[in-house]
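**Q** Let the sequences and hints guide you as you build the complete structure.
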Amino acid sequence: MVEAVERMDELVKDYLLFRGMTNTFKAFEGDLKNDKDRAYRADKIKDQILSYIQTHDLNGLRNLWKHLDRRIFSNLEYTHNANIRRIEISLLRLYVITAVQSSRSEKVTEFFEKMCLEIQTQPEWKEWFTLAFMKNPEQSPTFETYFSKQWQDTLIFSVQNFLSVIFQSMPLPTLLSFDAEQMKMKRLEEENSKLQDQLAAFEKVEISSEIDASVPLPLATTEIPDDFASISGGHNVRDFGTRTIGLKTGNNKSPLVMRKQAPNSAEKVAKGTTNQNLSKSVGVSSGGKGGDKSLFGSLIGQRKSADASVLKPKEATGKKSEPVSAIGASNVAPASNLSNQSRPKSQNKLEEQRKELFQKSKEPASRSPKTSNPKTTQDSTVARKDPVQWQPKETELDLMASENIPTTESIRQSQSKTNQVMSPFIVLSSDEYTEHHSSITHCKFSPTATSVATMDIDGVVKIWSFSPIPTTIATVMYKSPLISMEWVPKQPRMLLLGSSDGTLKMYDTEQKKTFTDVQVDQFCPKIISLACNPVGEVFATAQTSQPLERAGISGERCKSRLLIWDVKLMRPQQEFLLGDGKTCVNSMAFNHNGNLMVTGSSDGCLRLFDVQTSACILEWKSHQGPVHAVNFSPDENSLFSMGADGKFCQWALYNPGKQLEFPIHDGATGPFVMSGYGGYKQQQSPRGKLFAFDSGGKYILTCAPYGGIIYELDSSGHLDQMLTILGHRTPVVSVDWSTSVNTGMCLTGSMDGKVQITTLLSQ
Numbered sequence: 001m002v003e004a005v006e007r008m009d010e011l012v013k014d015y016l017l018f019r020g021m022t023n024t025f026k027a028f029e030g031d032l033k034n035d036k037d038r039a040y041r042a043d044k045i046k047d048q049i050l051s052y053i054q055t056h057d058l059n060g061l062r063n064l065w066k067h068l069d070r071r072i073f074s075n076l077e078y079t080h081n082a083n084i085r086r087i088e089i090s091l092l093r094l095y096v097i098t099a100v101q102s103s104r105s106e107k108v109t110e111f112f113e114k115m116c117l118e119i120q121t122q123p124e125w126k127e128w129f130t131l132a133f134m135k136n137p138e139q140s141p142t143f144e145t146y147f148s149k150q151w152q153d154t155l156i157f158s159v160q161n162f163l164s165v166i167f168q169s170m171p172l173p174t175l176l177s178f179d180a181e182q183m184k185m186k187r188l189e190e191e192n193s194k195l196q197d198q199l200a201a202f203e204k205v206e207i208s209s210e211i212d213a214s215v216p217l218p219l220a221t222t223e224i225p226d227d228f229a230s231i232s233g234g235h236n237v238r239d240f241g242t243r244t245i246g247l248k249t250g251n252n253k254s255p256l257v258m259r260k261q262a263p264n265s266a267e268k269v270a271k272g273t274t275n276q277n278l279s280k281s282v283g284v285s286s287g288g289k290g291g292d293k294s295l296f297g298s299l300i301g302q303r304k305s306a307d308a309s310v311l312k313p314k315e316a317t318g319k320k321s322e323p324v325s326a327i328g329a330s331n332v333a334p335a336s337n338l339s340n341q342s343r344p345k346s347q348n349k350l351e352e353q354r355k356e357l358f359q360k361s362k363e364p365a366s367r368s369p370k371t372s373n374p375k376t377t378q379d380s381t382v383a384r385k386d387p388v389q390w391q392p393k394e395t396e397l398d399l400m401a402s403e404n405i406p407t408t409e410s411i412r413q414s415q416s417k418t419n420q421v422m423s424p425f426i427v428l429s430s431d432e433y434t435e436h437h438s439s440i441t442h443c444k445f446s447p448t449a450t451s452v453a454t455m456d457i458d459g460v461v462k463i464w465s466f467s468p469i470p471t472t473i474a475t476v477m478y479k480s481p482l483i484s485m486e487w488v489p490k491q492p493r494m495l496l497l498g499s500s501d502g503t504l505k506m507y508d509t510e511q512k513k514t515f516t517d518v519q520v521d522q523f524c525p526k527i528i529s530l531a532c533n534p535v536g537e538v539f540a541t542a543q544t545s546q547p548l549e550r551a552g553i554s555g556e557r558c559k560s561r562l563l564i565w566d567v568k569l570m571r572p573q574q575e576f577l578l579g580d581g582k583t584c585v586n587s588m589a590f591n592h593n594g595n596l597m598v599t600g601s602s603d604g605c606l607r608l609f610d611v612q613t614s615a616c617i618l619e620w621k622s623h624q625g626p627v628h629a630v631n632f633s634p635d636e637n638s639l640f641s642m643g644a645d646g647k648f649c650q651w652a653l654y655n656p657g658k659q660l661e662f663p664i665h666d667g668a669t670g671p672f673v674m675s676g677y678g679g680y681k682q683q684q685s686p687r688g689k690l691f692a693f694d695s696g697g698k699y700i701l702t703c704a705p706y707g708g709i710i711y712e713l714d715s716s717g718h719l720d721q722m723l724t725i726l727g728h729r730t731p732v733v734s735v736d737w738s739t740s741v742n743t744g745m746c747l748t749g750s751m752d753g754k755v756q757i758t759t760l761l762s763q
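Residue 17 in the UniProt record's numbering is what sits at position 17 of the sequence shown, and the numbering runs on without skipping anything.
The set of hints was computed from the structure by calculation and includes no laboratory data. Note that the structure is predicted; figures quoted are calculated from it, not measured. Don't be surprised by glycine CBs; every beta carbon is placed ideally from N, CA and C. Please note that the accuracy of each hint is not assured.
As a list, the in silico EDC-like pairs of lysine to aspartate or glutamate whose alpha-carbon atoms are at most 20 Å apart [claimed, not checked]:
#	residue 1	residue 2
1	194	144
2	186	432
3	114	57
4	135	181
5	754	537
6	46	69
7	107	69
8	754	10
9	582	566
10	559	537
11	681	10
12	149	181
13	107	77
14	44	575
15	46	458
16	681	661
The calculated label-pair distances, taken between Cβ atoms and stated as ranges, are [claimed, not checked]:
#	residue 1	residue 2	range
17	655	432	39 to 49 Å
18	101	570	25 to 35 Å
19	79	570	40 to 50 Å
**A** In structure tokens, the structure reads:
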């Protein structure tokens, strides 16, 4: 609502200037300057109330509260009256306590003189008339609570929270409802588009089923040599019994033509080109020593099952089959025997390839090359649909195969299209948590995946459960805003919280209270990042002296520290040196046993530390600008990082200077921008987790402008988009993926304060 009011004020001023109503414009400007409602900003009203209390302005305090009562509180339901009355009494008591603490006894006397007629009949003030005559009221059991800092801070936050809730529940005028109506219309359009896509997918499956039922099966492989034997002339025919159809190579020709061409040269060239490019990009040679091969294999992981199914027949065959002459029974017999030996594998592959072929039946078939033997076209049943060409000479056949070799880019695009159709996940459910009133900065599952902790840009932390419906467990607020958080793996109920005033807290989510509260270095008070090792014995804090909005800017001189703390003692054990001290750590992560820790800094460098010796093992320049997120790969043979330069990179730990850069969509790495009417624009730098792996390490969840996008990291080092999680109207700024349950659960938090939890099922 706050953004809508401010945006509407600007629109009204623009309209008045456009109409030339300068007098009205000046009057409107004057009213805005004297606006007691402060554009319905709860923090501004809270600050004004505190200002009146600290300056001992009783008249200003009472006038402001009467204005709020007349303009806002009087329109609320009757059930809110008790809360309003309780807050009013507490604010007046805070005024008296502040005057006593400031040794302003005349202000205390003035208060009771002016308020005597109003409060003397109220039982809440019965004992307060003796306060002005007590020497040490803070020692009295009656008033001891009100002199404590905890009560005063709690009251201040209660006032702000109460006003925020009231403003959010107020009925809006028609003019302010325009923005909400537009968002509703946009949501309906997105839902309509999604339903249309589902309908198109169902129609495609139905058409594929009809074609599957109408088209006859291809000829068995044992019959093919007999048909070839009847071909007259000296035509050379390739053996088909030991070849497979490469449907995923991007070649749109007839599948039987592809049996002659793609397995021989297209797969070989595409495989060689891909491996060669990957080897160069990660700094590992594809040949040479065995150690290099093992490093390359550990970097990219095992190949996909689809690739393995194509390679196995090729390895079994060995060298390329020689052409078999169609004249003479002695020449045909070897091919027939070879075909009979490979019959079970060929039939299974033909059935699988036939299903894949008819799934793509709606795509327009590519133009087939000219047929060199018309008789063969008439004899083949399948050739009536996709003509098969038999080449009279091997030199011509090799020339045609070389002309139709697909490029690596076409293979990747074809695989990406196939993956989009055949998604590996099914969305089981999607729930929303909407208790935050400002942009999300962090969202993280608990170690047991039974609850979620989320933090917004105002420093408010919400702990909530998502089953059966999202329900708030606890709300954590302190006087100084919270800016970082991390769960303790071995103590699932404990949550580490870092603030901007140098206070480090451990919060008990079950008892709903602060378990430990310690003070860090006063020269580096802002705890901008927290990381706890999986073992749970120690955790790391990244602290800086710069304001939060400037701490991550490259080149800014700032005092910073990187400390390792003991979880049980809550004391720092050791400190890591950060180069020349001109940089601060934006992101950090431990490996599985907590012996190694990687950091990404504002100077664009990645650093790998040995936790036992506090030594920096590796350091290299990774991004042009600050590093926003860094983490180990699931196999821990490499690192993944995202930076302000918009790049998403993978780094081999055994060759850190070489990178493998992935093409990523816009809006994945930040900064995140939300625009509105009247030139309104809000920009937010990344603070939380920008990418998360699934339990198997094969899929990556990333931030996107209107949701989350899941990519598959294939064996060739490419990112293939598999699934888009929709449901947000503003950019997603933080994600998480639970890895402790069989069904994957994804968290996405956006700039409008909404957190969405999506349950996925692998298929």
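**Q** Against each hint, give a clear statement of whether it holds in the structure.
**A** Now the hints, each set against the structure:
no. : hint                  : result
1   : 194 - 144             : violated, 61 Å
2   : 186 - 432             : holds, 18 Å
3   : 114 - 57              : holds, 12 Å
4   : 135 - 181             : violated, 60 Å
5   : 754 - 537             : violated, 33 Å
6   : 46 - 69               : holds, 15 Å
7   : 107 - 69              : violated, 25 Å
8   : 754 - 10              : violated, 26 Å
9   : 582 - 566             : violated, 26 Å
10  : 559 - 537             : violated, 27 Å
11  : 681 - 10              : holds, 13 Å
12  : 149 - 181             : violated, 44 Å
13  : 107 - 77              : violated, 35 Å
14  : 44 - 575              : violated, 40 Å
15  : 46 - 458              : holds, 14 Å
16  : 681 - 661             : violated, 31 Å
17  : 655 - 432: 39 to 49 Å : holds, 44 Å
18  : 101 - 570: 25 to 35 Å : holds, 31 Å
19  : 79 - 570: 40 to 50 Å  : holds, 42 Å
In the structure shown, a violation is registered for the earlier hints numbered 1, 4, 5, 7, 8, 9, 10, 12, 13, 14, 16, in ascending order.
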